[in-house]
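Engineer: Read off the chains here:
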Amino acid sequence: MTINKVRALGAAIAAIALATAACGGASTAPGSAGPTDAAAACAAGTTKIEVQSWWTTGGEATGLQKLFDQFNKDNPTLCAYNAAIAGGAGTAAQAVIKSRTLAGNPPDTFQVHMGHELLDTYVNISAGSVLSPLDSSIIDPSKFPAGVVSIISGSDGKVYTVPVNIHRANELWYNKKVFTDNNLTPPKTWADFKTVADALKAKNITPLALGDNGIWATGMVFETILIGELGANGFNGLWTGATKWTDPKVTDALTTLKMVLGYVNTDHSSLSWDQANQLVIDGKAGMTIMGDWANGDYVAKKFADYGWAPAPGNDGIYQALADSFPLPAKAPDQDAVKKLLTFMASQVGQDIFNPYKGSIPARIDAGQAVSGVLAYNDYQKSAMVDWKSDTVVPSMEHGAAAAPAWKSAVEAALTTFVTGGDVAATQTALVAAATAAGH
Amino acid sequence: MRRLSRDRIVSIALLMPAVLAIGVFVYGMIGWSLWVSLSKANDLSFDMRLNGLANYIAVFNNIRFQLDLRNTVVFTICFVGASLVIGLLLANLLDRRIRGEAFFRSLFLFPLAISFIVTGVVWKWLLTPSAGVNILFGLDQATNRWFTDPTVLHIAADSDAGRFMASIGLGGLASSEFGIPIALMSLVIAAVWQMSGFVMALYLAALRGIPDELREAARVDGASEWQLFRRVILPLLAPVTVTAVIILGHISLKIYDLQQAMTKQGPGFATDFPASYMWQTAFNDNEFAKGAAVGIVMLVLVATLIVPYLIWNRRQDVTR
Chain C
2 MTINKVRALG
12 AAIAAIALAT
22 AACGGASTAP
32 GSAGPTDAAA
42 ACAAGTTKIE
52 VQSWWTTGGE
62 ATGLQKLFDQ
72 FNKDNPTLCA
82 YNAAIAGGAG
92 TAAQAVIKSR
102 TLAGNPPDTF
112 QVHMGHELLD
122 TYVNISAGSV
132 LSPLDSSIID
142 PSKFPAGVVS
152 IISGSDGKVY
162 TVPVNIHRAN
172 ELWYNKKVFT
182 DNNLTPPKTW
192 ADFKTVADAL
202 KAKNITPLAL
212 GDNGIWATGM
222 VFETILIGEL
232 GANGFNGLWT
242 GATKWTDPKV
252 TDALTTLKMV
262 LGYVNTDHSS
272 LSWDQANQLV
282 IDGKAGMTIM
292 GDWANGDYVA
302 KKFADYGWAP
312 APGNDGIYQA
322 LADSFPLPAK
332 APDQDAVKKL
342 LTFMASQVGQ
352 DIFNPYKGSI
362 PARIDAGQAV
372 SGVLAYNDYQ
382 KSAMVDWKSD
392 TVVPSMEHGA
402 AAAPAWKSAV
412 EAALTTFVTG
422 GDVAATQTAL
432 VAAATAAGH
Chain V
57 MRRLSRDRIV
67 SIALLMPAVL
77 AIGVFVYGMI
87 GWSLWVSLSK
97 ANDLSFDMRL
107 NGLANYIAVF
117 NNIRFQLDLR
127 NTVVFTICFV
137 GASLVIGLLL
147 ANLLDRRIRG
157 EAFFRSLFLF
167 PLAISFIVTG
177 VVWKWLLTPS
187 AGVNILFGLD
197 QATNRWFTDP
207 TVLHIAADSD
217 AGRFMASIGL
227 GGLASSEFGI
237 PIALMSLVIA
247 AVWQMSGFVM
257 ALYLAALRGI
267 PDELREAARV
277 DGASEWQLFR
287 RVILPLLAPV
297 TVTAVIILGH
307 ISLKIYDLQQ
317 AMTKQGPGFA
327 TDFPASYMWQ
337 TAFNDNEFAK
347 GAAVGIVMLV
357 LVATLIVPYL
367 IWNRRQDVTR
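Protein chains in written order, with the numbering used here: chain C, 2 to 440; chain V, 57 to 376.
Calculated from the structure, these hints are not laboratory results. Treat the hints with caution; some may be incorrect.
Here are some, though not all, of the chain V residues that point toward chain C, as calculated from beta-carbon distances under 10 Å [stated by the list, open to error]: (1) I119; (2) L183; (3) T184; (4) P206; (5) S232; (6) G322; (7) Q336.
C-beta atoms are modelled at their ideal positions from N, C-alpha and C, and glycine is treated no differently.
Work out the full structure, taking the sequences as your base and the hints as a guide.
Structural biologist: Spelled out as structure tokens, the structure:
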């Protein structure tokens with residue numbers, strides 16, 4: 002074989018490799034088309050309502066299906082179905098929804114977090130809203146808490162989306178057996194937390210389980226600390242410009258976060274939130290701070306020996322996030338979608354969906370048993386009581402308090418903080434993030 | 057005008073679909089991305105008016121992107137270097153015409169058939185500190201933290217070397233922003249595992265193509281085995297090495313799937329890459345123009361590698 006032939010062979014192998022590498026890259030791109038099987042379930046002759054979500058499995062998909070079942074029964078000419086796209090905790094679905102909206106071909110309605118993720122993406126943008134406002138025949142604002150109405154309304158004061166549920170973000174979950182064995186009670190302040198954490202550490206138990214392979218779990222802990230330091234008004238002010246990020250209390254919050262990060266599992270950057278939750282279930286960790294979807298995780302894993310309390314310093318404040326469904330201005334059949342949204346905003350619709358989802362209804366007059374539907378569990382009942390009495394603040398990590406770009410900038414600052422621990426530099430980065438977001 | 061022959065018309069007709077497809081979906085999209093990257097399209101209203109280099113300036117000022125570039129450089133050097141060395145070693149071992157050569161050749165080549173996603177998941181399991189190799193070999197979980205290790209090896213600013221660098225005006229290099237993240241090495245291991253067999257195949261084909269007469273001639277001239285390898289074989293492997301560097305290099309510069317499956321952004325962005333930053337900026341944060349700017353930067357990085365190779369390849373063709 003001559004040298005040239007060798008070169009030719011090498012080039013051939015190289016060409017094949019390049020081709021396969023290219024294919025490999027393409028086939029793994031996120032956001033590939035979602036399943037449309039659900040549409041096939043619709044009877045011929047019905048008007049299909051495509052609802053794009055990232056709920057593919059578990060109680061959330063079941064809850065949505067139950068809601069659709071009732072709606073489709075009440076409206077025989079309509080057929081709502083879940084065009085779900087899996088992956089990346091919703092990021093894959095969100096990318097598809099944005100692309101379709103940009104292209105002028107949006108789904109009939111879609112899942113979006115209430116708050117700034119909705120407002121700054123679809124409503125208060127320079128081109129004007131790509132969504133239609135909802136009048137009070139679809140959603141009656143007087144039936145929802147003021148804290149919710151303010152973050153589902155655009156800068157023009159009109160309501161733009163229907164929140165179907167409420168999750169609480171600022172909750173502390175703990176293993177009851179671990180706590181009784183060590184004569185501990187859930188910490189009420191961050192000073193208490195240190196005492197409890199030291200006691201657990203002395204027993205070789207990880208005090209706080211953390212799974213931040215996406216940084217947001219750390220972001221949630223930071224938010225609860227900020228709420229504790231600043232109170233509800235001060236915390237809300239961070240996102241409106243009323244509270245400056247240069248505030249010494251933000252410095253204190255970062256110092257507290259640094260203290261708290263000293264008590265977490267060392268492999269936190271490799272775990273997801275539910276893997277961290279598993280440490281609590283196994284008794285390897287005493288506590289975790291997570292949204293109340295953790296409750297659904299305990300129920301699913303048939304673990305009963307868990308307790309909950311507001312995160313330290315968060316008593317009386319309900320940090321909320323919600324999934325909601327808006328009306329795209331270019332949705333093909335506006336009247337059909339309006340009917341569905343009206344049902345989603347109703348007491349019955351909310352009470353069908355939420356027991357399965359593990360959340361509570363956003364409506365203040367909901368929370369009633371519906372025949373043939375799963376009953377609310379103890380956690381949900383206690384959360385509904387808090388929901389009616391507590392002050393509501395939005396969650397930054399879950400799209401309610403800040404626009405996505407601001408959230409990313411905060412997360413970037415926290416990512417370097419988790420490893421570097423530089424309080425001053427991180428505060429500077431947080432100030433810069435707020436400035437970039439226009440505050 | 058000269059009449060087109062029938063053959064010519066047919067050949068043009070056959071080529072057109074491919075030319076059109078590539079023109080629209082490759083070069084058209086590159087042009088579109090370039091325009092978006094220079095525009096104000098940083099929310100869903102997609103304002104396409106030009107905005108100068110603002111997006112590029114913003115992106116390069118972003119600490120995450122700076123760390124991503126660091127990671128890309130470190131990862132590329134380690135991954136390409138290790139793959140070449142291991143591939144060359146394996147090829148030389150197999151070239152001894154050992155028993156079961158076909159078996160080993162397939163064994164080393166098999167990882168190439170797996171997608172980076174699968175590789176990522178498997179190596180994630182293997183290198184998770186509380187599982188995998190730490191349990192298998194009884195390693196201490198607290199010290200063998202693999203991809204959860206936040207350490208970044210760098211020259212300390214207050215060390216002798218750091219002070220020396222400061223004295224010659226390079227003090228800025230003595231920081232973790234120019235360090236080597238330990239966590240990144242887990243990704244290197246996984247990527248090398250996948251690609252070194254492929255490099256071996258390239259080298260093996262090249263070794264088999266070296267005529268025995270050359271080896272004989274060298275031996276007759278009294279060359280030792282090492283001299284034979286160093287002075288005769290290795291120079292003949294140079295073209296294959298260039299090819300391998302190009303292929304591995306462009307994979308490395310665009311790496312996304314392996315990192316997403318295995319480590320995500322890692323502790324302190326230790327395993328973050330421009331591709332994931334681009335995805336998040338464009339599709340999570342709605343900052344399409346900034347995302348496009350990152351994409352163009354990546355394109356330029358790959359082009360600096362590929363374009364000289366294409367020119368070199370073309371010259372080879374002409375001289376042949």
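Engineer: If a hint holds in the structure, say so; if it does not, say that too.
Structural biologist: Hint check results:
With 10 Å as the threshold, the beta carbon of V/I119 comes within range of chain C, its nearest partner Cβ sitting at about 7 Å, so the hint holds. For V/L183, the interface hint holds, since its Cβ comes within 10 Å of a Cβ in chain C; the closest pair sits about 9 Å apart. Checking V/T184 against chain C: minimum C-beta separation of about 5 Å stays under 10 Å; hint holds. Proximity of V/P206 to chain C holds as hinted, the smallest CB-CB distance being about 4 Å (cut-off 10 Å).
This hint holds: V/S232 has a C-beta 8 Å from the nearest C-beta of chain C, less than the 10 Å allowed. Because the beta carbon of V/G322 sits about 6 Å from the nearest beta carbon in chain C, less than 10 Å, this interface hint is met. This hint holds: V/Q336 has a C-beta 6 Å from the nearest C-beta of chain C, less than the 10 Å allowed.
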